[in-house]
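Heads up: the sequence shown at position 155 corresponds to 155 in the numbering used here, and the numbers run straight through without jumps.
Calculated from the structure, these hints are not laboratory results.
One should not assume that every hint holds.
[Stated by the list, open to error] With a Cα cut of at most 20 Å, we get these calculated SDA-like pairs of lysine to any residue: (1) Lys181 <-> Gly113; (2) Lys84 <-> Pro139; (3) Lys138 <-> Lys37; (4) Lys37 <-> Asp177; (5) Lys67 <-> Lys37; (6) Lys67 <-> Val32; (7) Lys34 <-> Lys138; (8) Lys110 <-> Pro139; (9) Lys136 <-> Tyr56; (10) Lys37 <-> Lys136; (11) Lys55 <-> Val169; (12) Lys67 <-> Tyr82; (13) Lys108 <-> Gly76; (14) Lys97 <-> Phe174; (15) Lys84 <-> Lys181; (16) Lys91 <-> Ala72; (17) Lys164 <-> Lys55; (18) Lys91 <-> Val111.
[Said to hold, decoys possible] With beta-carbon atoms standing in for the labels, derived distance ranges: (19) Ser96 <-> Asp28: 14 to 24 Å; (20) Thr68 <-> Pro179: 53 to 63 Å; (21) Ile10 <-> Ser135: 24 to 34 Å; (22) Ile6 <-> Tyr82: 30 to 40 Å; (23) Lys55 <-> Thr124: 34 to 44 Å; (24) Ile7 <-> Thr178: 17 to 27 Å; (25) Lys110 <-> Leu87: 24 to 34 Å; (26) Asp70 <-> Ile6: 53 to 63 Å; (27) Arg145 <-> Gly112: 38 to 48 Å; (28) Ser4 <-> Arg129: 56 to 66 Å.
Note that the coordinates shown come from a computational prediction; the quantities given were computed from them, not determined experimentally.
Here a beta-carbon is modelled for each residue, glycine too, at the ideal position from N, C-alpha and C.
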Amino acid sequence: MKTSKIIMPIFLVVVAFQLMAPIKMIYDQENVLKTGKAYNFITQPLDPNDPFRGKYIRMNYEISSFKTKDSAWNRGEEIYVYVKDSLGFAKLDTVSKEKLNNNKDYIKAKVGGYYKHSNKLVFTLNNERFYMEESKAKPAEDLVRETQRTTSTKNFTYALIYIKDDISVLENVFITDTPIKDLVNKNSKDFNGL
C-alpha cells in the first residue's frame, strides 16, 4: 500500500515530463508561424533518383551554395545561412559556422561539401521536408517536378518558411502563388470526374 502511494506520484511526474517535450515543440513551431518573419524560398527541380520518401515531399532550394575562399568546412557540420528579403523572396546574405552578433535572420543548414576548384560551399537547408497526407505526397511531388520542367517563368515553385531565433518552419509550398495542397485536391477531383 505504501509503495503504491509513492509509485503513482512518480509515474504522474514522469508522464508530465514526457508530455512537456512534444508540447514545447508544437508551441515553438506555432509561435514561429505567428510571430516569425516569412520568406519565400525558390525551389530547384527535385532529384528524380530519390524523390519520394513517404508522407512528405523533399524540397531542393535555389539557396544551396555559397562562394568562399575559406575551405575549413566539414561535411555534416551545422552552419548558419543568413538571408535577406529581395523582392519578396529569400536571398542569401552570408554563411557562418557560428551565430553572428547581428539582427539578421538565419536558417540552419548542414554542410554537404566544399569544392576548392570553384571555391564553393554546398549545403542543405534543414527545412527540406514538406509533410502531406500520404495519398497526396506523390501526386504533389509529381506536380512540382512537372511545373519545374516547364520553361515558363510564370510557373515556379517556392516554399514559405517562417524564421524566428533558432527555429525555422516550412509552412507551405506554392506553385505560382497557389498552395500545393489545393492544386493536388483540384487535380484529383478533375481526374475522378473523368
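We went through each hint and held it up to the structure:
no. : hint                          : verdict
1   : Lys181 <-> Gly113             : 33 Å, violated
2   : Lys84 <-> Pro139              : 32 Å, violated
3   : Lys138 <-> Lys37              : 29 Å, violated
4   : Lys37 <-> Asp177              : 18 Å, holds
5   : Lys67 <-> Lys37               : 26 Å, violated
6   : Lys67 <-> Val32               : 30 Å, violated
7   : Lys34 <-> Lys138              : 29 Å, violated
8   : Lys110 <-> Pro139             : 28 Å, violated
9   : Lys136 <-> Tyr56              : 9 Å, holds
10  : Lys37 <-> Lys136              : 28 Å, violated
11  : Lys55 <-> Val169              : 17 Å, holds
12  : Lys67 <-> Tyr82               : 14 Å, holds
13  : Lys108 <-> Gly76              : 12 Å, holds
14  : Lys97 <-> Phe174              : 31 Å, violated
15  : Lys84 <-> Lys181              : 27 Å, violated
16  : Lys91 <-> Ala72               : 24 Å, violated
17  : Lys164 <-> Lys55              : 26 Å, violated
18  : Lys91 <-> Val111              : 18 Å, holds
19  : Ser96 <-> Asp28: 14 to 24 Å   : 23 Å, holds
20  : Thr68 <-> Pro179: 53 to 63 Å  : 35 Å, violated
21  : Ile10 <-> Ser135: 24 to 34 Å  : 43 Å, violated
22  : Ile6 <-> Tyr82: 30 to 40 Å    : 52 Å, violated
23  : Lys55 <-> Thr124: 34 to 44 Å  : 20 Å, violated
24  : Ile7 <-> Thr178: 17 to 27 Å   : 55 Å, violated
25  : Lys110 <-> Leu87: 24 to 34 Å  : 28 Å, holds
26  : Asp70 <-> Ile6: 53 to 63 Å    : 57 Å, holds
27  : Arg145 <-> Gly112: 38 to 48 Å : 21 Å, violated
28  : Ser4 <-> Arg129: 56 to 66 Å   : 44 Å, violated
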